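Q: Throw the hints in and build the complete structure from the sequences for me.
2 protein chains.
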Amino acid sequence: MLSGLAHAELIAVLVAVTDDEPRVMTVRAGNALPSGPFESRHRSLQSGLRAWIESQTGHPVGYLEQLYTFADRGRDPKVGDDIRHISIGYLGLVHEQPAPGAGRPEWHGWYEYFPWEDHRERRPDMLDEIVARLTAWAKGDPLRRQRIDYVFGCNGMAWNEDLTLQRHELMYEAGLAESAARPAKALFGRTMAGDHRRILATGIARLRAKIKYHPVVFEVMPESFTLLQLQRTVEALSGLRLHKSNFRRQIDQQELVEETGAVSAATGGRPAKLFRYRPAILEAQALSGTRLPVSRH
Amino acid sequence: MLSGLAHAELIAVLVAVTDDEPRVMTVRAGNALPSGPFESRHRSLQSGLRAWIESQTGHPVGYLEQLYTFADRGRDPKVGDDIRHISIGYLGLVHEQPAPGAGRPEWHGWYEYFPWEDHRERRPDMLDEIVARLTAWAKGDPLRRQRIDYVFGCNGMAWNEDLTLQRHELMYEAGLAESAARPAKALFGRTMAGDHRRILATGIARLRAKIKYHPVVFEVMPESFTLLQLQRTVEALSGLRLHKSNFRRQIDQQELVEETGAVSAATGGRPAKLFRYRPAILEAQALSGTRLPVSRH
DNA sequence: CTCCTTGTACTCAACTTGAGCATATAGGGA
DNA sequence: TCCCTATATGCTCAAGTTGAGTACAAGGAG
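Residue numbers (my numbering), protein chains in the order written: chain F, 237 to 533; chain E, 237 to 533.
By construction, these hints were calculated from the structure, which means they are not laboratory data.
Predicted model only: the values in this text are computed from it and were never measured.
Be careful, since some hints might not be right.
Copies of the same chain look alike in the list, so a pair counts if it works inside one copy or between any two.
Unchecked claim - Here are the simulated SDA-like cross-link-like pairs (lysine to any residue), alpha carbons at most 20 Å apart as the crow flies:
{"#": "1", "residue 1": "480", "residue 2": "294"}
{"#": "2", "residue 1": "509", "residue 2": "491"}
{"#": "3", "residue 1": "446", "residue 2": "398"}
{"#": "4", "residue 1": "421", "residue 2": "365"}
{"#": "5", "residue 1": "446", "residue 2": "401"}
{"#": "6", "residue 1": "448", "residue 2": "479"}
{"#": "7", "residue 1": "448", "residue 2": "367"}
{"#": "8", "residue 1": "446", "residue 2": "486"}
{"#": "9", "residue 1": "480", "residue 2": "240"}
{"#": "10", "residue 1": "446", "residue 2": "402"}
{"#": "11", "residue 1": "448", "residue 2": "418"}
{"#": "12", "residue 1": "509", "residue 2": "283"}
A: The structure is reproduced here in structure tokens:
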């Protein structure tokens, strides 16, 4: 018994936003997240993953953050049947892809996997079905009922976009997601191999929370952009519609952007000023309590 | 070469608050955090650690959260010299200890290790010395200068209690903390073995950030408490003095506590009502943007 | 009884946020 | 040409939140 020995694997949730759609890099035709063994030649977890990602995508990774470490009882014929399998998940952000889906890396919209998470147009109808099934599963247990209400925003509670992971876990418990017994069968959304969809949910949740108090959006933006493009990107990631003028007020109060001087005529109406990110003050202003200016409509 | 194989170890930052002092469980006379190998008999990381902690401290762990996974090139004669060493850090909160320091587990005040982090009485004088040495190290580099100002709250910037980890890392870079070459020598505060002090800094930072938007304080409180006791506990953890009436307003707006009906006469003046935590609504209200009502004085 | 100490309830100005309206500037078509 | 539509951008205002302080209550010690 090799006590304390385990297989270590790095697994990445790599996110880009193209055409107002958040996309995640996948392998195996969208059925798995990219991953690889953590090799001893790597200096550190971070640098190992960074090198590997850049070789795979050809894009520099602007932002890389550890997400979570998952452990599962894996099987490895080389070492023995009962060795632990440890996956260290990372969230990486890359700038807009010029040609999404071109080349080997496959980018899939993340709402393929979590269609109920996109509330930009309207609250997805699918949610009624999900909540109905969860309610049946809860069987009147008041604690479960309360959890459903909170996590899915029912019975007077507001939808909280940050709870992506909790929603997935609740659905998993209730048998609405893929299971070990039926790995490819889920009632809602597209599945992934193993626990990859769960890791993706972790990444989405982390990014949605972070975007509110840290200027990470700019890590997926091109060099220069209009304020509406910026807003659309935040909306894509959070799955919400935002209030336009309040969003703008927030952005320029934080002094995170500056005008480039150029304008974009590509928007149809009055040309919009182009802005660029101004990392100078960096984190100074950023940490003030920044809630999203959600539009109620 | 065993590609992908690694030693996995669990390491815990276990926190309790006694006598208005945050304490952390240590081993080896306060020189290390408790840790142990992750064994394959454990169902999961979380449950393995939970069982282990409860056997060590005799106290149930109310709250357990993964902190971070650290990787270092370790040495293990059993397997070979170049196997990876992975430490998975956890933050755990336990309720007030009846007799701190009694028995095997040793609880040490966390400000022994980070004396400059306690701003309850006054800004520690030590900070002037630290900043002076950092300034010398920065040698006029404006980026370093800006980072020092931000992280330590100099030159018009406010002290941000959440930046414990960044402060430790900056001091480490500048050679003011222990190093691999001189593991026990630090210019400020008490050291720990290996990177344990850094892991403790990670735990402090996480807890200080979390306390603002999630009702985790109650995990270190006794069953019933007065509002001032609650305030003193938050102050102990955050290292700040809070504004009394605003703190109270915040607490009862969140409706997280209810009166027990009893009063405590132990406080010297007018007896204070006792309260208990009311987890009923649990997380519902909690997630609203909760900043600490810092007292400027 | 008086002072001292702690607890509890209000008040009020400054600031922030949610929501909507008004105006500016482009292209396209009658 | 001139209006219409579409987007961009600026401004206002009420409602809510926060920072700071004051007034009053209720015990114990001397």
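Q: Which earlier hints can't be squared with this structure?
A: 1, 7, 9, 11 and 12
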